[in-house]
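Chains A and B are the protein sequences, given in the same order. Per the UniProt record's numbering, residue 1 is the first one in the first sequence, and the count goes up by one each step. Per the UniProt record's numbering, residue 1 is the first one in the second sequence, and the count goes up by one each step.
Note that these hints are calculated values from the structure, not bench results. No experiment lies behind these values; they were computed from the predicted model shown.
If we take Cβ atoms under 7 Å as the criterion, some of the chain B residues that face chain A in the derived model are: (1) 96; (2) 97; (3) 99; (4) 133; (5) 138.
Note that beta-carbon positions come from the ideal geometry of N, C-alpha and C, so glycine has one too.
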Amino acid sequence: MRVIIERSNLLKSLNHIHRVVERRNTIPILSNALLTAEGATLEMKATDLDLEMNEATPARVEQAGSTTVPAHLLYDIVRKLPDGAEVMLKVDDGGAAMSVISGRTSFRLQCLPASDFPALSSGSYPHIFRLESTALKGLIDKTQFAISTEETRYYLNGIYFHTHESGGKLKLRAVATDGHRLARAEMDAPAGSEGMAGIIIPRKTVSEMQKLLDDPDIAVTTEVSESKIRFTIGPVILTSKLIDGTFPDYQRVIPANNDKKLILDRQSFASAVDRVSTISSERGRAVKLSIADGQVTLAVNNPDSGSATEEVAADYSSDPIEIGFNAKYLLDVAAQLGGTEARFLLADAGSPTLIQDAADEHTLYVLMPMRV
Amino acid sequence: MSEERLAPQQHDSLEGIAEPSETPELVGHLEAQYMLLAAQKAGRLPHAIVLAGPQGIGKATFAFAFARHLLSGAEPGANFEPVAIDSPIYRQIASGAHPSVLHLTRPANDKTKGFKTVLSVDEIRRIGRFLSFTSGNGSYRVVIIDPADDMRAAAANALLKNLEEPPSRTIFILIAHSPGALLPTIRSRCQVIRLAPLNDKDLAEVLVRAGQWPDDERVSDALLARSEGSARNAIILQQYGGVEIATALDALATGSADIAASQRLAEAVSGRDSAIQLDVFNGRALELLANAAADAAQSGDTNRAKKLSDAWHMARIAITETATYNLDQKQHALTMISRLNTALKPQSGRM
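Isolated chain A, as found in the complex (with noise of 0.2 Å):
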């Protein structure tokens, strides 16, 4: 193999694989990158065996083939050549070291075959469809913060996707939770995936996902099996495994019937959970909201260090009620939220509550209660 390649491409490519790979590997082909040149580009995969990432870049073939170095080691390399230098990699004749030269820096690093490199990404994919960039990226960052990272619960360590029919339309959906909060974000499902089962996407490739959504206004097209995704967003692509397990049926803790409507500013709201929970050190503090007519107080009361309250106007007509939410959780669906004003449906003071951005339909966020 002889490729030479501008450094700041071969440098684009490194900076998304390299993050696939585990920083302590024992297995030593895990620790490396596959090269493989041919045509007119260089192909780079990486894998920690429940996700590959897999980026073509255009380079100068002198002569094709491939070969694996060590991920982190060539990622380094190349962060630390000049800007604007050409790279040529090139294998020895014995295919035991390949060599990167740019100018008068040379490096040897030392290979393992290519044949050794585990493949992920092979087999069909009975479900096809195409997304906007900024459409998947929404899907996934309105409900990402939801994912739960209990490990015993490992149903719940990824964004479960699926189509449901709403109103006649089919839509697509991603659900996220852990059982304290519930994320739910939906659009109008694209043309292929009609009758895709419902699948869970891991949390790993849900944040790579997120760092690969960055640029606008590519097309995503994403392909589904019952046992893997896999996602080719511009020259990336991206193949997981998928979670193995039932995600449990949402619906039923979404509550239908909850009447007492409430309604703020996002941003003054968000600000004054943020300022009474301050007297609180610990995680998992709650903050409780008494809601009367026209107005929201909020209190912590921290027993070790005093207590706080803030007032925020409101609109809210129905009887007074009293409930507490942990802060932290109140703090992150209002992140989400975007809009100006967040409307809250509850019920009462030990039922799940339900928090929407009053412009946005699709998205909505099930809290539940604490008890103060």
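Place chain B on chain A using the hints.
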């Protein structure tokens, strides 16, 4: 064997000998292969099996051969299809980089640069994470616990959790040198497959393939006779002067007290780098007592059998204590020789 090594080193690796995961062909154990393949053909593959049998007869090699067979998608025939050593499936499984195989052994100990003495509960917990993901290509997921004897109670209970609710298309392979010591709750959830010690022909074949077959016919006969069908035993005997140690111990245990020879033997097994020699010595000592006890019991001399059996227990305790408290190995060896000598002395008269 092969000049290039794929598999990472393990706590029980022998120098220059291929790990089970990188041994491409399985020798012997035809019946067990046939049985599993018949079950697969009938669609009744158990979700968990225990491969039971003495150490060194190819249980782990069997497990990996079975994993390769399952994941290659080959039609079940009469025995596991051997795989080419340049095929991706062989190379990925051997190097531990196959997405559908989880091989759990004693983990590396970062503090001592060696290996931990048990298969820790943290390692077992990796199963939950492994099984929470789909297999990637819809194939089987294979969890190999090598060996299950290395699990303490906490680890065994953690494993039990996974065995109780096995997801579909998953097979647990537990390797057990002494299946009786497994938790009954684990055993009852697995199908126990007993692998017999290798016969002389198979053992010879394994040793030839491993490049461990002695040229001298007398040596090779002695090796087959003393290895008890275990390739590992044979290699240890061969490489670490095991035959000499065992012969010397046999002579000292039954003959008259020869202080110079006892000192020489104790010296040989008690050095800093002679952990394997000491193992051979201890193993042979226990074996002598066990054999003598069995002989006595068979000839109806229960009194003597009881005495020998007690001596066996005492010897075992002494061995464990020497290891646990890091006692002087040479003194341990000398005591052991005299212990054997006393226990094995033919009885002068009936009581």
